[in-house]
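Going down the list, the protein sequences come from chains A and B. Residue 197 in the numbering used here sits at position 99 of the first sequence, and the numbers go up by one each step. Residue 123 in the numbering used here sits at position 120 of the second sequence, and the numbers go up by one each step.
Just so you know, these hints were derived from the structure itself, not from any lab. Among these hints, one or two may not hold up.
[Stated by the list, open to error] So the derived label-pair ranges between C-beta atoms look like this:
#1 B:K171 with A:W104: 18 to 24 Å
#2 B:L87 with A:A108: 37 to 43 Å
#3 A:A108 with B:A107: 31 to 37 Å
#4 A:F112 with B:L74: 20 to 26 Å
[Said to hold, decoys possible] Here are some of the chain B residues that sit facing chain A, going by a computed Cβ distance under 10 Å:
#5 R12
#6 T88
#7 G90
#8 W92
#9 A107
#10 A108
#11 F111
#12 Y146
#13 L148
#14 W150
#15 L151
#16 V153
#17 G163
#18 F164
#19 K167
The beta carbon of each residue, even a glycine, is placed where N, CA and C say it ideally should be.
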Amino acid sequence: MSRHDWILLAGIVFAAAIGFAFQAFFGNPSEDQMLVLHLTAPAYGSAEASAPEDAGVFRGIKVERTTAEALEGISIADLESGGEERYWQIQGANGPLTLHFAPGQGIEIIEAQCPDQICVRTGFIRKAGQSIVCVPNEVMVALQTAEPTKDKGDVDAILQ
Amino acid sequence: MPSFNKQTRISPRKMVLLALMITLSMGLHAAESMMPLLFPMPGIKLGLANIVTVICLFIFYPRDVFIIVTLRVILVGFVAGSFLTPGFWISGSGAILSFLAMAAACRFPKYSAVGISLVGAVAHNIGQLAMVSVLMGNQAVFYYLPWLLVWAVPMGLLTGFSAKAAIKALRKTGLDGTMGMY
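My request is simple: use the sequences and hints to build the entire structure.
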């Protein structure tokens, strides 16, 4: 290895370190932010279900509201009971996928009709920014931060 | 001035070598896909086929290496039955971006085969992530980029040192650039 190879190697490690540091500083939702479970699936496009985040510690997905009415396959009640272990199915392009929610551990895909099973091997996600992707099924489960949505009582004006 | 009427001829010797390299990279790709998963994270592969790309960059002109890489991706798609599936596009974009980055790195003679291989490993991962985010219409996967950068280092070193040893052996046979670039 030449000296320039070593410099290159150090550069890659340094870039990765910056990435990790960036995630450590900006990845955790602040107290007024929410953790949003973002679900993309072919059957109903993209849907969001928001969850309050308790001081950066994942306690459980608890849905306060859902922006998509057409969450076929996921009953809102399933998501609302955040304290309990839950399983639910969504329809992927190749067939059904089984999602598993375990309190304190996160969300994982435990079963999917895809050749490489990358989504299943990804395991639990529980932090903002993490995601599970199943490209053959066109399914993506992502946890993202979002600004809190105001309650209906806070609406300043309604234009008609 | 080059004439457009003149047929660009490819010597039989070069054609055989190109075919050999494509076969070799397909074999390495197949061997890798048969390996049990060594790593906890999805998307991390050894990238054994990259060894051939690195060797070829030292022997052939970049446009010939481009043909080798493109044909390897397409042929592996045929053999594995993944042609035009999402997996095909993901591995293809990784392979092409990795080739482009390595061909660019080759213009800096201060990098050895190991350095070029590191560049290739990083570019391969970025290309794959970019294609996943295009296919899913969501950039969330780039969250995993730091992890993939970290893993690119041991993978790049492995393929780099393998390529270096192979190039050294090729020098003894006279099949490498000492006979003039093919």
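Hint by hint, here is what the structure shows:
1. B:K171 with A:W104: 18 to 24 Å: 20 Å, holds
2. B:L87 with A:A108: 37 to 43 Å: Holds, since B:L87 and A:A108 (Cβ atoms, about 40 Å apart) stay within the stated range.
3. A:A108 with B:A107: 31 to 37 Å: 20 Å, violated
4. A:F112 with B:L74: 20 to 26 Å: 36 Å, violated
5. R12: Constraint on B:R12 not satisfied, violated at 37 Å.
6. T88: Hint holds; B:T88 Cβ to chain A Cβ min 7 Å, cut 10 Å.
7. G90: 7 Å, holds
8. W92: 9 Å, holds
9. A107: 13 Å, violated
10. A108: 9 Å, holds
11. F111: 8 Å, holds
12. Y146: 4 Å, holds
13. L148: For B:L148, the interface hint holds, since the closest Cβ of chain A sits about 6 Å away, which is under 10 Å.
14. W150: 8 Å, holds
15. L151: Check passed: Cβ of B:L151 comes within 8 Å of chain A, closer than 10 Å.
16. V153: Given a least distance of 5 Å, the restraint on B:V153 holds.
17. G163: 8 Å, holds
18. F164: 9 Å, holds
19. K167: This hint holds: B:K167 lies near chain A, its Cβ roughly 9 Å from the closest one there, short of 10 Å.
Violated hints for the displayed structure, listed by number in ascending order: 3, 4, 5, 9.
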